[in-house]
Amino acid sequence: MILVIDLCYRGDSLSRDEFVGPVVRHLRGAGSSPAVRHYTAIGTHDFEVADGVILCGTALKDRGFMENPGRFRWFHAFERPVLGISSGMLALAAAFGGDIEPCSGIGMTDLRVIAPDPLFAGRETFAAYELHDFAVRVLDGFIPLAVSDRCVQAIRHRSLPLYGVLFHPEVRNEWIIERFAGLVESAGASIPGDP
Amino acid sequence: MRLGVLFSGGKDSLFACWKAMQHEEVACLITVVSKNPESYMFHTPNIHLVGLQAEAARLPLVEVGTAGEKEVELLDLSRAILEARERFGIEGVVTGAILSVYQAARIQRICRELDLWCFNPLWHADQEAYMEELIDAGFRVIIAGVFSCPFDASWLGREIDRRTLDELREAARRYRITITGEGGEFETFVTDAPFFSRRIAIEEASKVYRNYSGLLRIERARLVEK
Chain A
1 MILVIDLCYR GDSLSRDEFV GPVVRHLRGA GSSPAVRHYT AIGTHDFEVA
51 DGVILCGTAL KDRGFMENPG RFRWFHAFER PVLGISSGML ALAAAFGGDI
101 EPCSGIGMTD LRVIAPDPLF AGRETFAAYE LHDFAVRVLD GFIPLAVSDR
151 CVQAIRHRSL PLYGVLFHPE VRNEWIIERF AGLVESAGAS IPGDP
Chain B
1001 MRLGVLFSGG KDSLFACWKA MQHEEVACLI TVVSKNPESY MFHTPNIHLV
1051 GLQAEAARLP LVEVGTAGEK EVELLDLSRA ILEARERFGI EGVVTGAILS
1101 VYQAARIQRI CRELDLWCFN PLWHADQEAY MEELIDAGFR VIIAGVFSCP
1151 FDASWLGREI DRRTLDELRE AARRYRITIT GEGGEFETFV TDAPFFSRRI
1201 AIEEASKVYR NYSGLLRIER ARLVEK
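Respectively, the protein sequence lines represent chains A and B. The numbering used here numbers the first residue of the first sequence as 1 and each following residue consecutively. The numbering used here numbers the first residue of the second sequence as 1001 and each following residue consecutively.
Because the hints were derived from the structure by calculation, they are not lab data. Where hints are given, some of them may not hold.
What the hints assert, rightly or not - One-sided excerpt, in silico: chain B residues whose CB lies under 8 Å from chain A: (1) 1019; (2) 1020; (3) 1023; (4) 1024; (5) 1103; (6) 1105; (7) 1108; (8) 1117; (9) 1118; (10) 1119; (11) 1121; (12) 1123; (13) 1124; (14) 1153; (15) 1226.
Said to hold, decoys possible - Chain A residues, not near chain B, derived (Cβ > 10 Å throughout): (16) 15; (17) 41; (18) 59; (19) 73; (20) 100; (21) 116; (22) 117; (23) 123; (24) 131; (25) 148; (26) 188.
Stated by the list, open to error - Each pair of labels, with its calculated beta carbon distance range: (27) 1217(B) to 99(A): 52 to 62 Å; (28) 1002(B) to 117(A): 56 to 66 Å; (29) 186(A) to 1217(B): 50 to 60 Å.
Remember, it's a predicted structure, so these values are computed and weren't measured experimentally. The beta carbon of each residue, even a glycine, is placed where N, CA and C say it ideally should be.
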């Protein structure tokens, strides 16, 4: 099961269909069974049963999720695949003490893949939809995987399966969500004793 | 949160309005009336009837005209949203954008400039589920413009009910078009919505049609009890 975390301004908000709905739909299309929780209502049990986590994006003006970065410390011990999308990437960076800097991007942008990784394998460049007012400064312990002319667009932790993407893969790059679901499945299959 | 809904009179903007009403307060509707039938941003058939729809919804309407030239019309949209912010104190804007990155990105930029929230409740929604929900919720939607094969003159004025939806599905399969008309294959006009106090009765309409391109011009319509 993939835990999909809604970072929007409240549970069952008007933003949910826009930022969580398409991710859930693509996961179902890829054969996964997602469970959605609002970030303020996640219990220990939710993490225990999750094979992977996706943190969804938010509206540009929605930054409530950044008020308490300690809330996302579970990343350090989770050890299974995590994908932070846009605001989710900012939450991931904040949990590792990373800084964000103003960088606005709205619309399609060209990305260059700059480091090999299974998530982007076979792609050197692609166009992606971005919607952000901030970007993550490169973090200690993370490798930049893809960049645009203006900022780092994708990162991965050096030793943990943690990914952050600044763009929105659920728009025009559904293949990334499908690949992430595949990574979750293969990570689950490689855990000894895991059913 | 007080919101303004970008309003064209078609199903997507009215459905987005209904979604917004379930979570926040819709304070006004915002319409840009384009003189250009090829407008990049704004749907045009029967835009003159948005006032009647706003009256049915008992919501104030902010209406701004545009010559409909590419990019210049965005300044007119910005002017309309600014007027809605000043008159009705809106804190955000709602759109009915489904797939168009072109449309969504431009409205996102305007909202950012005006320090407003932007909501797109239909964004990348499951198109089948959306059309089903539209009918189930009690929206009455007619086809008011056709712009591609296989939509001939007989489609103009048809209500999108279950039977029409089945035919749209079949057309989508055979002609690689969207069942929502998001690709510009057809345009719609809403005569009733769950939040309308009265519905719109069309009393006189004419069809202009040639080679899979046509409009239903609603000449006379009025509000009647539901």
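For residue 131(A), which was marked as not at the interface, is the minimum beta-carbon distance to chain B over 10 Å? About 6 Å separates residue 131(A) from the closest Cβ of chain B, which leaves it inside 10 Å; violated.
Tell me if the interface restraint on residue 1118(B) is satisfied: Cβ within less than 8 Å of some Cβ in chain A. Given a least distance of 6 Å, the restraint on residue 1118(B) holds.
Double-check residue 1108(B) for me: the hint is only fine if its C-beta lies closer than 8 Å to a C-beta in chain A. 5 Å, holds
Taking the closest Cβ pair, is residue 1023(B) under 8 Å from chain A? With Cβ-Cβ at 4 Å, under 8 Å, it holds.
With 10 Å as the threshold, tell me whether residue 100(A) passes as away from chain B on beta-carbon distances. Given that every Cβ of chain B is farther than 10 Å from that of residue 100(A), nearest at about 17 Å, it holds.
Have a go at the residue 1123(B) hint: is there a Cβ in chain A nearer than 8 Å to its own Cβ? 4 Å, holds
Closer than 8 Å between Cβ atoms is the bar; does residue 1020(B) clear it against chain A? Give me holds or violated. Nearest chain A Cβ about 6 Å off; hint holds.
Chain A contact restraint for residue 1024(B) - C-beta distance below 8 Å: Nearest chain A Cβ about 6 Å off; hint holds.
Non-interface claim for residue 188(A): all C-beta distances to chain B beyond 10 Å? The claim stands: residue 188(A) keeps its Cβ more than 10 Å from every Cβ of chain B (closest is about 27 Å).
Would the least Cβ to Cβ distance between residue 41(A) and chain B come out above 10 Å? Its Cβ never comes within 10 Å of chain B, the nearest being 17 Å, so this holds.
So does residue 1217(B) sit 52 to 62 Å from residue 99(A), Cβ to Cβ? 58 Å, holds
Confirm or reject: residue 15(A) is not an interface residue toward chain B, with every Cβ-Cβ distance exceeding 10 Å. Check fails; 6 Å does not lie beyond 10 Å.
When held up to the earlier numbered hints, the structure conflicts with 5, 14, 15, 16, 18, 24, 28 and fits the remainder.
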